[in-house]
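Going down the list, the protein sequences come from chains V and L. Residue numbering for the first sequence follows the working numbering, beginning at 1 and increasing consecutively. Residue numbering for the second sequence follows the working numbering, beginning at 1 and increasing consecutively.
These aren't lab readings, by the way, just hints derived from the structure by calculation. Owing to the predicted nature of the structure, the values given are computational and were not obtained by experimental measurement. Treat the hints with caution; some may be incorrect.
Straight-line C-alpha distance at most 30 Å; calculated DSSO-like pairs for lysine-lysine [what the hints assert, rightly or not]: (1) V:LYS123 <-> V:LYS382; (2) V:LYS229 <-> L:LYS99; (3) V:LYS421 <-> L:LYS87; (4) L:LYS87 <-> V:LYS90; (5) V:LYS424 <-> L:LYS47; (6) V:LYS136 <-> L:LYS87; (7) L:LYS99 <-> V:LYS421; (8) L:LYS99 <-> V:LYS424; (9) V:LYS71 <-> V:LYS320; (10) V:LYS229 <-> V:LYS421; (11) V:LYS221 <-> L:LYS87; (12) L:LYS87 <-> V:LYS141.
Take a look at the letters that make up each chain.
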Amino acid sequence: MSVNSRRRTLAVVALAAVTALGGLAACSKKNEEAKPGEIKLVVDHFGEFGYDELVKQYEASHPGIKIEIRKTAQLNDYRPLLVRYLATQKGAGDVVALEEGIISEFKSNPANWVDLTPYVGDKRSEYLPWKYDIGKTSEGKLLALPTDVGGLGVCYRKDLFKAAGLPEDREAVSKLWPSWDQFIQVGKDYRAKTGKGLLDSVTTAFSASLSQTGGDLFYDKDFNIVADKSAAVKTAWDLALKLADNGVTAKTRTWSDEWQAGFQQGTFAATLCPSWMLGIVEQNSGAGNKGKWDLAAVPGGGGNWGGSFLAVPTQSKHPKEAAELAAFLTSAEGQVAAFKAKGPLPSNLKALDNPDFQAYKNAYFSDAPVGKIFGEGAKTLKPGIIGPKHQAIKERAFEPQLQAYEAGQLDAATAWANAIKDAKTQGAV
Amino acid sequence: MTQQQTGGAHGATGQLSHLDSRGTPRTANHGGPRFRKRERLSRLDVKYSPYLYVAPFFILFAAFGLYPVLMTGWMSFTDWNLIGDWKFIGLENYANLMKDEYFWNAVRNTLAIFLIATIPQLLLALLLAEMLNRGIRARTFFRMIIFVPNITSLAAVAIVFGLFFRRDFGAINWLLDFVGIGPIDWRRETWGSWVALATMIDWRWTGYNALIILAAMQAIPRDLYESASLDGAGRWRQFTSITLPSLRPTLMFVIIVSTIGGWQLFVEPLVFNSGSGAILGGTQRQFQTVAMYMFERGFSDLRFGYGAAIGFALFAIIVVASMFNFLLVRRTVRE
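Using the sequences and the accompanying hints, generate a full structural model.
Now the structure itself:
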């Protein structure tokens, strides 16, 4: 390399460096930019919360407030983002969604969150009490307002049911499977007729069954890991094995590309649907499959799977406005609108009593009376205990082992031993 | 600074003659007192401005390279979830790491994928370079075309290959079906997943390495080949006795860069395995690489101290592996 070209390289490097620095400076300036007299609030959430129309309405009724919604498709990608925002004290939205599986973990450092009580008051009487209490710390600070709970149903494809000689009508389908054993029988019939799996995967049934038993799940109330002793875990595990043994599932791993594509391609004909899943089924199936899906009752009784909260990080520059927005989004009016848009089941008692909610039919799901189906059991839902690493234990200790068993890679005893061992390491706080 | 300026005059001659040998125009060393000031300024310029020119790189490197490295080193001695309190625990993370079967599993996977990917890749790159070095038609076109995979977005590559290697409706399984091989579940079989990932890596990097090797090949003097031909050496003899030895420094570079890239493998296996447990690299961690394991323990479990320790272990592995490959090339390809 000649001296000249070395010089030139240096110059290029220096130029690049200066440009990069300039770029960074420009970026940080842009972020802080807000029109005079205008407050910009950012809402961070994962999946589908149904807030797109609601915030437009809020902007219209609150001049001077601009709202931006930042969606992350999956909770798994959302959580590390949130951790980064909190760790660096920079970048988090003014209102952020916390799912029940991760809220304990984030609550464990209350300094990150604004106590909402001074802004919104005590609202315990307005919500399902157990749900509201999850948003509070042991010292009584209110860190998060409840959005939705996850009442259960079964989403099924009418066209595929018909092709397999099964009834199409939701009442008749619900009557096919009051219990899980009957559900397995339907799965066996479906396999015999079509050669395909009825249900998407063992893991959706595992999650649903966990929530149906309730009580201690992976943790007891003092947050000790009791996965090896918990009745709910054992029941759900045994159900999952039975589903796999009888060929009821299509062996698609939940949230994988194959699973998402499976909704369109008809790889499976049913999936367990907590109410928030309706929006995801719709998203994955696409507009072309409108009217092919319907919603039936869940075998084995009601349960609460998932559901979220809204919190305000202390790094927000507008905690008052953010808290008011969170209160609006979780109000009866907000929850009914969100339910209509994307399906999350209200946790606000007034919303559950709202005639609009109760009468609501979901056009995508063949006009199924989703308000009535989910609403009926909502007030009697039994909460399970959700410990700090609930999500991690479920997704990284139990589900992989179940998937491996389903694929025939492991025997039941090994899979169980692996799951228990991983639960201990994954669950350690 | 003042001290350096006054002391500058003393060492000026040595400094200037040194610069002179590098081709810098010699500063006029004589003239009246009114030139003295300019002279001193220009001497200062010659002496210090190079540091100024390189400063931006080093400032950026300190901020975005050195600081994170030091910080990670510090973190690896702590138990820290990054959103709450931390405590200093000394070498405990490293002690645990040595006993961690999932860490060793990740090391094994990364090494296996690296070997399956790199060996055919370098042979293929050599072959491609050798072919492009001959007088074939549309040489420039081919040289450009083999580089295209490298500038394709990594996520796009992973998604497309992910589709090829799908269990249901995947193109590869469809082709395998023709030759009578049953469908392979590429994300569940250990070897299947390794081969799929190696294919992805090779598609992306073979052309890049071929171009670097080609450039080195073109620097080999033609008359060496001519005299070899006169001495009756065949193509193969010419390749092993002239081409390969001349390529030694280049091969060294290519192999070491591949080693570093191979050990840091992250995006391909992560995107290849979508779904909620994607970071595990398969239900039984069949293809979880060290970088993925680091991410899992750090960002998924919020055990950033442990994650940092994995990061430093990975660094150590890369240093050892690079040294090993360096020695390997030096011994096997003789100059």
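TODO: Hint by hint, work out which the structure violates, then give me just those numbers in ascending order.
DONE: 5
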